[in-house]
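Trainee: Chains A and B, in that order, are what the protein sequence lines are. All you need for the numbering used here is the position in the first sequence, starting with 1, plus 1297. All you need for the numbering used here is the position in the second sequence, starting with 1, plus 1297.
Hints may contain errors.
Copies of the same chain look alike in the list, so a pair counts if it fits in one copy or across any two.
As the list claims (entries may be wrong) - Straight-line C-alpha distance at most 27 Å; calculated DSSO-like pairs for lysine-lysine:
hint : residue 1 : residue 2
1    : Lys1515   : Lys1405
2    : Lys1639   : Lys1651
3    : Lys1354   : Lys1430
4    : Lys1354   : Lys1651
The set of hints was computed from the structure by calculation and includes no laboratory data. Since the model is a prediction, treat every value here as computed from it, not as a measurement.
Protein chains: 2
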Amino acid sequence: MAKPVAISPLALPLPGLSPVAGVTMAVGQAGIRYQGRTDVLLVQFTPGTTVAGVFTKNLCPGAPVTWCREILPAGLATGLVVNAGNANVFNGIAGQRAVEATAHAAAKSLGSTPETIYLASTGVIGEPLPAHKIVAVMDDLRANLRSDALADAARAIMTTDTFPKAATRTARLGGVEVRIAGIAKGSGMIAPDMATMLSFIFTDAAIPADALQSMLSKLVDQSFNCITIDSDTSTSDTVLLFATGQAGNQPTDDPAALADYRRALGEVLHELAMMVVRDGEGAQKLVRITVDGAVSNHSAKRIAMAIANSPLVKTAIAGEDANWGRIVMAVGKAGEPADRDKLAIAVGGTWMAKAGGIVPGYDETPVVAHMKGREIDIDVDIGLGTGRATVWTCDLTHGYIDINGSYRS
Amino acid sequence: MAKPVAISPLALPLPGLSPVAGVTMAVGQAGIRYQGRTDVLLVQFTPGTTVAGVFTKNLCPGAPVTWCREILPAGLATGLVVNAGNANVFNGIAGQRAVEATAHAAAKSLGSTPETIYLASTGVIGEPLPAHKIVAVMDDLRANLRSDALADAARAIMTTDTFPKAATRTARLGGVEVRIAGIAKGSGMIAPDMATMLSFIFTDAAIPADALQSMLSKLVDQSFNCITIDSDTSTSDTVLLFATGQAGNQPTDDPAALADYRRALGEVLHELAMMVVRDGEGAQKLVRITVDGAVSNHSAKRIAMAIANSPLVKTAIAGEDANWGRIVMAVGKAGEPADRDKLAIAVGGTWMAKAGGIVPGYDETPVVAHMKGREIDIDVDIGLGTGRATVWTCDLTHGYIDINGSYRS
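Just chain A, with the same shape it has in the complex (with noise of 0.2 Å):
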């Protein structure tokens, strides 16, 4: 196993969290791979509860993210399962049924139909996931649900997650107040194996799933499609939002009326996705980068990834360096419109090259200063334009290869 890792220095504590109208779930001990932990989670939603999903873009995707994107046109949930430990991916047919078996218990459990059971995994990949352990269990978790179990199931998702993740708001809906709460992972390991970003967000508000759909599309699109750990892509990587309507608000697909509700999900999903970054393998620094000037958001968002994704600059920051030339670099590699002599490069506020060359009287003290610190902001000017963007990384340290490159067990 992947030696004990100490909690991420970048660690937030988990926020008090009120239980969410028409959810109840309940965590249990399935044993699939951790002994002496919760691994696996129910969730029972009540009758009418709507739901919207983003997966992978991998091509090679596990079979729980298949099997959601199946089922999710009908746009209704009953129920979730989540289990940590096994990934379900890569094991073919054998991977479908264990999918199905699992659906099919918790439908069993709950009164209802496979095709409402939401599920996810996370853990090893190519080893077939035991579902008959999760099937043994489901019973006993269906006894147990409860409504006050958000920061249990924050746990009992876990892998190598340093710290538990989970965040929530409310917001004002149609005259009623709403609530969401979110849980998420990030990129733990098993075994070790790959990183895998899951969330699952509650609300008792009462939207239709195709305007829960495409808030959470674009709501994910700025938050956790604008964080990067290693540039790698997960077979698992999902975010499931769940809307009970026991708000007592009038269902709505009204943008203008789903204003604050949208203020109050982007948030929720920016703090999970903060979250994730913070507990990004070996991290020890927070990484901000903002790119503007270029000429459209699409290419800053590809510059910034660039950046964000680029091993020489988060090696720099490890390293305490302000290493624009390695920013330098990185603007270039990212194929986007860019002008070497329009550039212009920010380490913590501080201007330290400007078109083309090197601040005139350039004085590195406030940079090196800043450097030490354990949230670091790059802005980068393009000059070319008005398209902006933000996206947030972590550093790459020796904590990244001790968890990913220590010998399996």
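Go by the hints and put chain B onto chain A.
Mentor: This is chain B only, laid out in the frame that chain A set:
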């Protein structure tokens, strides 16, 4: 300064290097950044020498790259000046002036014109290149030109390369024997800054510049463009090929007549590219990745590069873990056509996974033994077509973090 780094365990000895007729060179100590070692190279070519070049695709290239691109269409070279210690990148107008000063000084010394002087620089970026230090030693270099200084040249262009790199071949062309000799520097770091790949190939064959360029572009694509250390693209990557025409063959651009020459040139480029990977920062293992069965060769190369650039794959190899799950992930993230249920993966010639799952009765013993070696072979069959590509990389180790994440002096 970066800590001293031991010679790569994958290093190869310098081969015996015979002179190339029409090429003389000298190395010197300009003291640009390094003290007590050679850091500048002057090469003189016999009149009529043709030239071809391939440069970085980075959109923020160094001033020497811009210079070479501008003079290349004329296709003629009288000299080459290379310095180590300062890459003359992102220096704005000062960078351009440094380039011009160097080219003028070399042309004056060699009795030629600046527009036939090729330039390359490697080292820190964003610091003005003290061209006057190069100019100051130019006449000394001119006075010391020798035909047998290739090994010295290979050393003078090193930055934090741990061993000098050269390769040589002979070929039959138009009834005579012609010689090809090349030197390269790989992904070394100074200060630390960034990986830069420079390679200079000298030949006594008589080949028109257009034919030379067409061969070089194609063969670089099959050699230097098939290697990757960390997915970062230097601002200074440069490959230049100079043909002096002193071997006595009739100049030819006939592809059939050039067949043996193309073979030999391809071998020199391949051998140099392999040396660069073998000197990858922190490299402990040389990794060959062959992807077969893709929908096209282009698609195969993109998949192979996604595997080669995956930090999760590279750290697994460093950990001697034949983690095919991560290879599946990397195939999926490449964005190229792939079907997880047709995918097959072999390590060291042993097929571990086929048809969407682990091979029944798979015995990992030979794979475990293979992973302990210095040279790792990964084969992936996509199972969709006949597209094929091979790329090379190295593992991602603590050494990489040490070299690139060390504190600035």
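Trainee: Would you mind marking each hint as holding or not holding in the structure?
Mentor: Verification of the supplied hints:
Taking the shortest alpha-carbon separations for Lys1515 and Lys1405, neither the intra-copy value of 34 Å nor the inter-copy value of 62 Å comes in at or below 27 Å. When the C-alpha separation of Lys1639 and Lys1651 is checked against a cutoff of 27 Å, the pair qualifies only within one copy, where the shortest distance is 7 Å, while the shortest distance between copies is 51 Å. In this assembly of identical chains, Lys1354 and Lys1430 lie within 27 Å of each other by CA distance neither inside one copy nor across copies; the values are 29 Å within and 53 Å between. Taking the shortest alpha-carbon separations for Lys1354 and Lys1651, only the inter-copy value of 22 Å comes in at or below 27 Å, while the best intra-copy value is 37 Å.
The structure does not agree with the numbered hints 1 and 3 stated previously, though it agrees with the rest.
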